[in-house]
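Could you put together the complete structure from these sequences and hints?
Start counting the sequence shown at 1; every next residue gets the next number (our numbering).
Certain hints may be false.
Stated by the list, open to error - Capping the alpha-carbon separation at 30 angstroms, the derived lysine-lysine pairs in DSSO-like fashion look like this:
no.	residue 1	residue 2
1	130	6
2	14	105
3	107	130
4	23	107
5	68	24
6	24	6
7	23	115
8	63	23
9	14	63
10	14	130
Stated by the list, open to error - Beta-carbon label-pair distances, calculated as ranges:
no.	residue 1	residue 2	range
11	61	113	35 to 43 angstroms
12	35	62	43 to 51 angstroms
13	15	102	38 to 46 angstroms
14	6	99	17 to 25 angstroms
15	87	125	33 to 41 angstroms
16	116	24	16 to 24 angstroms
17	35	128	42 to 50 angstroms
18	30	6	19 to 27 angstroms
19	121	58	17 to 25 angstroms
20	85	128	37 to 45 angstroms
21	66	35	43 to 51 angstroms
Treat the hints as calculated values from the structure; they're not laboratory data. It should be emphasised that the depicted structure is a prediction, and the values quoted were computed from it without experimental measurement. All C-beta atoms in this analysis are idealised placements derived from N, C-alpha and C, irrespective of residue type, glycine included.
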Amino acid sequence: MLLIDKLINIVHLKSATAIVNVKKNSFFVQGHFPGQPVMPGVFIVEAFGQAAAALTAYGVDPKEYENKLVYLMNVEKARFRNPVLPDCELHLDIEAIRSHGRVWKYKGTANVNGKIMADAQWSATVVDRKQ
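See below:
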């Protein structure tokens with residue numbers, strides 16, 4: 001379930017912007033809430049995680065991360081400031097704060113037309129994919 005549509009403004013292992021096109025027929029707004037659809041906060045957090053994984057994968061030696069997965073470890077300070085409505089382009093500005101071995105810490109801000117919708121900090125780890 002890939003949520004991000006595009007990764008732009010990539011600064012090697014530092015930062016990037018992910019684009020999520022939130023449409024009225026997107027599966028994650030169906031039924032949430034009937035008659036007044038919004039993107040659930042858990043999917044905003046998932047999109048942050050996907051963007052961070054893409055940023056990291058883009059910047060490291062592909063052989064080092066071959067047959068690996070990125071698992072979310074924790075989410076800190078997640079705040080949902082405004083509802084993300086269908087028919088918008090959600091921009092996720094993410095930044096790698098630090099890394100230690102296979103553990104990475106990130107922060108990000110989600111915005112629509114410059115208006116902050118959500119922000120969070122989170123950590124992720126790289127694990128071996130089971131064959």
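Proposed proximity, residue 23 with residue 63 (alpha carbon, max 30 angstroms): violated, 36 angstroms
Outcome for the supplied range 35 to 43 angstroms, where the beta carbon pair is residue 61 and residue 113: holds, 37 angstroms
Assessment of proposed distance window 17 to 25 angstroms (beta carbons of residue 6, residue 99): holds, 24 angstroms
Satisfaction of hint between residue 6 and residue 130, Cα-Cα up to 30 angstroms: Holds, at about 28 angstroms.
CB-CB spacing for residue 128 and residue 35 relative to the 42 to 50 angstroms hint: Taking Cβ atoms as reference, residue 35 and residue 128 lie about 45 angstroms apart, which means the hint holds.
Whether the CB-CB distance between residue 121 and residue 58 falls inside 17 to 25 angstroms: holds, 21 angstroms
Residue 116 paired with residue 24, Cβ distance criterion 16 to 24 angstroms: holds, 22 angstroms
Residue 107 paired with residue 130 [C-alpha distance capped at 30 angstroms]: holds, 28 angstroms
Restraint status (C-alpha distance of residue 23 to residue 115 at most 30 angstroms): OK: residue 23 and residue 115 at ~18 angstroms, within 30 angstroms.
Range agreement (Cβ of residue 35 with Cβ of residue 66, hint 43 to 51 angstroms): Given range 43 to 51 angstroms: holds, Cβ gap about 46 angstroms.
Outcome of range test on Cβ distance (residue 85, residue 128; 37 to 45 angstroms): 39 angstroms Cβ-Cβ, so the 37 to 45 angstroms window holds.
Straight-line alpha-carbon gap residue 14 to residue 130, limit 30 angstroms: holds, 29 angstroms
In summary, the numbered hints that this structure violates are 5, 8 and 13.
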